Amino acid sequence: MSGDHHPSAWGPHDWRHGAPHNSWSPFILSLGVAIFLFTLAGAFKFGEFQGWGSVPLIFVGLGVIGFSLLVWWRQDMSFGVDGEVFEPKSAGAPFQNIDIRKVAMWMFLMSEMMVFTSLFSTYMRYRFGIPNCQTVFESGEWVEGTSVTCFEPAGHLIASSWFHIAPGAINTFALIISSFTIVQALRYAKKKDMDEDVRRRKVTRYLGTTWLLAILFLTLKMIEWFVGFPLPEFLHEFNHGDSSIKSLYAEGYLINADSYQHHAYDTHYIEAHPDDYSIPEDSALYAMMQAGTHPGGHMMANIQVSATTFYVTTGTHGAHVLGGIVGLTYMTLKAARGGYTPDNAVSIEYFGLYWHFVDLVWVLVFPFFYLY
Amino acid sequence: MPTRSWLQSWLCITEVKRLVTKRSKAAIFTLVIVAAMLALPSAQSLPGGISGVQQSGCNCHGAVPSESVSASIEGLPESYNYSEVYELTVSFQGGPSQEGNINQGGFHLWASEGALSVNDATAQVYNENEVGHTDAGNDQVSWSVTWTAPATDKNVDFVLHVNSVNGNADGAGGGTSGDMWNKVVITLGGPIEVLEAANPFVVLGVLIIVSASLLAITLAYVFYRKDPEAFEWDNFAPWLADWLTSTDHKKIGTLYFVAGLFFLGVGGIMAMIIRIQLAVPGNDFLTQEQYNQFFTLHGTTMIFLAAMPMINGFANWMIPLQLGAADLALPRINAMSFWLQPFAALLIFTGVFSGHGADTGWTGYAPYVVSEGAHYGTTMWAAGQIMLVASSTLTGINFLTTMAVMRAPGMGWMQMPLFSWSILVANVMLFLSIPAFGVGLIQVYLDRVVGTAFYDIAAGGDPLLWSHLFWYFGHPEVYVVIVPSFGIISEVIATSSRRSVFGYRSMVYALAGIGIVAFIVYGHHMFTSGMSPTLRFVTMLTTMLVAVPTGIKIFNWLMTMHGGSLVYRTHTLWALGFLVTFTLGGISGMFFPSIAMDTHLHESYFVVAHFHYVLVGGTVFGFFAGIYYWWPKATGKMLSEKLGVLHFLTAFVSYNALFWPMHRLGVWGMTRRHHTYFVTTEEALGSLPMEAAGWNMFITVSGFLFFFSNFIMVFNMIVSSVRGEDAPDDPWGGWSFEWMTTSPPPAHTLYRLDDGSWGLPTLKDANEHIANEPGLLSSWFQRLMVSDDEIEEASH
Chain L
1 MSGDHHPSAW GPHDWRHGAP HNSWSPFILS LGVAIFLFTL AGAFKFGEFQ GWGSVPLIFV
61 GLGVIGFSLL VWWRQDMSFG VDGEVFEPKS AGAPFQNIDI RKVAMWMFLM SEMMVFTSLF
121 STYMRYRFGI PNCQTVFESG EWVEGTSVTC FEPAGHLIAS SWFHIAPGAI NTFALIISSF
181 TIVQALRYAK KKDMDEDVRR RKVTRYLGTT WLLAILFLTL KMIEWFVGFP LPEFLHEFNH
241 GDSSIKSLYA EGYLINADSY QHHAYDTHYI EAHPDDYSIP EDSALYAMMQ AGTHPGGHMM
301 ANIQVSATTF YVTTGTHGAH VLGGIVGLTY MTLKAARGGY TPDNAVSIEY FGLYWHFVDL
361 VWVLVFPFFY LY
Chain F
1001 MPTRSWLQSW LCITEVKRLV TKRSKAAIFT LVIVAAMLAL PSAQSLPGGI SGVQQSGCNC
1061 HGAVPSESVS ASIEGLPESY NYSEVYELTV SFQGGPSQEG NINQGGFHLW ASEGALSVND
1121 ATAQVYNENE VGHTDAGNDQ VSWSVTWTAP ATDKNVDFVL HVNSVNGNAD GAGGGTSGDM
1181 WNKVVITLGG PIEVLEAANP FVVLGVLIIV SASLLAITLA YVFYRKDPEA FEWDNFAPWL
1241 ADWLTSTDHK KIGTLYFVAG LFFLGVGGIM AMIIRIQLAV PGNDFLTQEQ YNQFFTLHGT
1301 TMIFLAAMPM INGFANWMIP LQLGAADLAL PRINAMSFWL QPFAALLIFT GVFSGHGADT
1361 GWTGYAPYVV SEGAHYGTTM WAAGQIMLVA SSTLTGINFL TTMAVMRAPG MGWMQMPLFS
1421 WSILVANVML FLSIPAFGVG LIQVYLDRVV GTAFYDIAAG GDPLLWSHLF WYFGHPEVYV
1481 VIVPSFGIIS EVIATSSRRS VFGYRSMVYA LAGIGIVAFI VYGHHMFTSG MSPTLRFVTM
1541 LTTMLVAVPT GIKIFNWLMT MHGGSLVYRT HTLWALGFLV TFTLGGISGM FFPSIAMDTH
1601 LHESYFVVAH FHYVLVGGTV FGFFAGIYYW WPKATGKMLS EKLGVLHFLT AFVSYNALFW
1661 PMHRLGVWGM TRRHHTYFVT TEEALGSLPM EAAGWNMFIT VSGFLFFFSN FIMVFNMIVS
1721 SVRGEDAPDD PWGGWSFEWM TTSPPPAHTL YRLDDGSWGL PTLKDANEHI ANEPGLLSSW
1781 FQRLMVSDDE IEEASH
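Top to bottom, those sequences are chains L and F.
Reading the first sequence from the start, the letters are residues 1 to 372 in the numbering used here.
Reading the second sequence from the start, the letters are residues 1001 to 1796 in the numbering used here.
Note that these hints are calculated values from the structure, not bench results.
A portion of the hints provided could be inaccurate.
Quick look at which bits of chain F chain L covers, simulated, 3 or more residues with Cβ under 8 Å [to be verified]:
#, segment
1, 1237–1248
2, 1399–1413
3, 1601–1612
Not close to chain L: a few residues of chain F, all C-beta gaps over 10 Å, as computed [to be verified]:
#, residue
4, SER1112
5, LEU1215
6, VAL1548
Quantities reported herein were computed from a predicted structural model and do not represent experimental measurements.
Every residue, glycine too, gets a C-beta built ideally from N, C-alpha and C.
Chain L on its own, in the form it takes in the complex (with noise of 0.2 Å):
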C-alpha cells in the first residue's frame, strides 16, 4: 500500500495517475463465479432438480457477483468528475491515437464472434447431419409407438404461423431500433454546444428507451418460451382455429422431449385438416396414405438435439442481452446524474459497440433459428 493516490481497493479512483491501483473486484467476481459454477451443478445433476439445498446458494453466487460489479462500478464513478478524463491513446501503429480501450472491446468482439461461430457450428453440424422430422415423417418410414430420432427446427413450429413468429418478430426491430438509440444517446452525449440539462435529459432519455428495448426484448423471449399469449377471437381462424399461441414450453419443445408430437405429424389430423397441413403428392408417406398402409398415427421424435441447440444459441444471445441490460441499468444512473460529458462520452460508444454486436448476432440468429 504504498503511495498515496490508491487510498482503498474499494473506493473511487482517481485514474489521472494511471496504474497501479488496487482493486477488491476481480478476486471476489472470480470467488462469485466459482460459488455460481459449483452450487448450480450441486442443485441439478442431468436436468434433475436435486433439491432446495443448493439454491439459496446460486443466489449467494449471484449475489457475490453482483456485489463485484458494484465496487468496479464505484472505483469508476470519480470518472470525469472534474472535468478531466483518464482516457489513454494509443502510441504506435496500426492505432495511432485510437482511444486503448476502444481497441481492447473490438478485440473483446473478436473472441465474441468465435464463441458465436462455435455455436452456430454446432447447429449447422446437427441441422445438416441428422435427417430433418418433415423428410422423416414424409418417408414414411417411421413406426407409430416407438421414437424416431430427427431433427425438428424451432422455426417449423415457430414459422407456422404469423402470431408465433411475432415474438421474435418484434424482438428484431426493438433491437435494431434499440441500435440507433444507443447512438443517439452517444451523439448527445458528444455535442458540445449544448445546455448541460438538456444534454444530460437526452442522454438519459435515449438510454433508457435502449434499456427498456432490451427489457421488452427479454420479456417477449420469456413469452415465446414459457408463457405464449391468447388471441382476439376474430383471429382464430388465422390460426388453425386455436383461441392462443402456446409457449415453445407448452408446445412440447424441450431439451429433454424424446417423445416429441405434434399435430403436424399426425396422419388423422392431416387427414381431418386438410387445408392446414399438407404433405407432398409425390412423398411415400402421401402413396401410402392413399393406399391405406401408412405406418399410424402420431409419429414420435427425439428431438433432444434440436432444442438444445435452439435454446443454447438462442440463450447465449439472451445472456449477452442481459449482460447489456446491466450495463445499461447503470449507463441509465449515471446519465441521469448528468455523469456523460463530451469529455467522457466514448465509454457510451464502446458500450454501443457491443451493443450493435449483440444486434448483429440477432440479425443473424432470427434467420436461422425462426425462419429456416
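Chain L is already provided as a structure; the job is to place chain F on it using the hints.
Leaving out everything else, chain F in the frame of chain L:
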C-alpha cells in the same frame, strides 16, 4: 507383506542406530543393571501356580533354566487372523517329571496382545493376558487354553514358563529342589494384508496441504524478512490485501509465478504417483479408477494450471518492460485474469478431495465426458476450465491490446523483441481458438447439469463434434505453450551469443507462420476417428508444413551462436539443452503426420514420449532458461551459478533418461492411459517383452531424479532471496528495454534514457536505431483508421 517388513526393518535399524550412537555408557550400564535385576529370581513356584513371572525370566524351580526341559505351544498359526479364537495346547517334555506322580508340573503363559482364557479347572486366569495352572492341574504335563487374537495388526509375543516337577510335594528333598524349569518365547505376526495400501488420494491431498502450508509459512517468512520489527497481524493484513487486490503487472506476474510453480509441483507429484504405479508390471498401487483420475488431472494441471500461468507470469513481467510501457493496457482486467485461475483450480480439484475427480483424460472425449458413468468431478472439471477459458480470453484481449497500442514511440512491429512477438503470436492463437473450447465446455457443463443433449448419442448427438471443437483449440493450445519458450530462447541465445539474433525478420515470419499453420493441422489428432480420407491427406500435408517454420527457427538459433561468441551462463545451458531436446521432440513429431505411422503409434507411449519431449524439453526448459535469465531483473538478486549448473546437469540427464526409453516402449506397444501392463516371453497381442519391465523401473527411478532435481532450483531461489548478491541493472548485457530500468524495477517503471534522465523510453533510447517506417500492410491498415483526434476536430 513387503511394505510392512520394510517399515519394520526400517524402524529396527533406527532403533539400533539410536542405541549405538548413544554415547552415554552410563545409560547402557544402567540398562544392563535393570535388565539383570528383572532377570533375578523373583518368583515362588507353588502348587497353585507360578507367580511373579515376567517376560524377562523366572527362576521358579531353580536359578537357571534347564535345557533338558522343552516347552511348546501347539495350535498357534503362523500369522493370526483378526479376532479369531485359537485353541492352544501348552505342554513340556523332559526334566524330573514322571508319570504317576502327584505333582508333575506347572505352567505360566503370558501373551502381549489378545485375551487368554481357560477351558477347564486345570488352569486359571490371572488377568486377560496371563494364565497358569491350578492345584488341580498340577498333575499334568499339558494344558489347554484359549487365545482370542487382537482385532488390529500387532506383533504378539507369547512367553511360556513350564516347571518339570519331581513330585516331592511333601517337601522332602527341599520342597522345590530337584525341579527344573524352562521357558519359550514365540512371536506371532498379523495377517498378510496387515497394512492397508496407502490411498493415493490421501497421499496427494496430504502433499498438497503440506505444500500449501509451506507456501503460507514462506509467505509469512517473506513478510517477516521485509521488516522483522513490524511482524504483526495489523501490518500483515494490509500487506496481504495489497497482493490480493493489486493491479500492478509486476505483482500479478509474481502471483502467476507462485501459482504456476505450485501447480508444477502438484502436477509433478501426480506424475510420480503414476510412475510408481507403472514401475513394475501388474502393479496395484493405483486402481484403474484412481489411475484415470491421476492422468486426467496431471494433464489438466500441467497444461492449464502450470504452463499457462507461467507463460502469463513471464508475459506480465516482461511485456510492458520490453515495450517501454508503464503497465498493461487494462490493469484491472489483468487482475481479473489472474484471480479466475486459483478459483478455477479449486473447482477442478474439488472432485479429487471427494475421491471422484474427473477421469476423462485432459481431452475429455465425448460421449464419456457427459455420461453418468464418468465421475461426478467431471462437472467441476468442466466448470473450472470454463473459468480458465474466461481468464485466457481476458488475457488475450489485454496483451493484444497492449502490444497493438502501447509500444514505445518509434517502436514498430518489426522492432519488437522476439519474446514480445512470441507472446503476440501465442495470444492471437489462443484468443481465436479458445472460444471454441469454451463453448464445448459449456455444452458439456449444460449436458451434465441442465440435461441438454449436445453429446447424447441416443438423441443423435455427435461425439466427433466435441473432438473438433476441442482440437480446433487443442492444437493451437500446444503451440501456445511452446511459442513463448521460442521467444525466451531467442532472447537468451542472442544475449548469450553477444549479438542480435540471426534473421530477425525470418524469425518473426516463422512465428507468424506457426500461428497460421496451427489452425489447419488439428485433424492429425483425429486420424483414427474415421474422418474423411481426403481431409486426413490434407491434414497430413499441413502438419508436415509445421516443420518448415520450426526448422527456420532452429537454424536461426544455430546461426546466431555460430556468428556470436557464446557465454555459458545457466540460462545459456538451458537454451542449449532446449535446442537438443526440442529438436528431438520435433523429429519424433514428424512421425505422426504420416497417416500409416500415426495409426500404428496412436495411443502408445511413443506419443507420450513425443509430447513430453516438446512440452518438458521445449516449454519447461524454455521456462527454466527464462527464470535464470530474468530472475535478477525481477528480484534484484543474482541466482547461484553453481546451483544452476548442478540443476541443469542433473535435470537434463535425468530428463532424457526419463523420456527417451518411452519411445522404445511405445514401439513395443505399451499403451498410454492404461493403469498397468504385463510382460511375457511369448509373442502375444497386448503384451510386452520382458525387458519392458526393467525399462519401466528405470523410467520411474529417472522420473524421481528429475522431480527432485528441480528442487535445486527452488533451493537456489530461496538462497538467492535470503542472501543473494545484488544484481546490476543489466547483468547479461541484454539490449531490450527491460535492461534499461533498475533491478528490481520500481512500481511505476522508469527507464534510464539516452540523455541520462529517467522516464518512459522511445525507440531511439534503445541501443538499436531503426527507422520506424510502417510496413506495407501496416500503412494500408492505418489508412483505414480514422484517429479519434481527427473525429474530435471534425466535430468542432
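Given coverage of the segment 1399–1413 of chain F by chain L, checked by CB-CB distance under 8 Å (3 or more): holds (count 11)
Within 8 Å of chain L's CB atoms, at least three CB atoms from the segment 1237–1248 of chain F: coverage verdict: holds (count 9)
Cβ separation check - F/SER1112 to all of chain L, threshold 10 Å: The claim holds: F/SER1112 sits with its nearest Cβ about 51 Å from chain L, beyond 10 Å.
Check on F/VAL1548 being off the interface with chain L, judged by Cβ distance over 10 Å: Correct as stated: the minimum Cβ-Cβ distance to chain L is 27 Å, above 10 Å.
Verdict on chain L covering the segment 1601–1612 of chain F, where coverage means 3 or more residues with a C-beta closer than 8 Å: Result for this restraint: violated, n = 0.
Whether F/LEU1215 stays farther than 10 Å from all C-beta atoms of chain L, as the label says: 18 Å, holds
The earlier numbered hint that this structure contradicts is number 3, and it is the only one.
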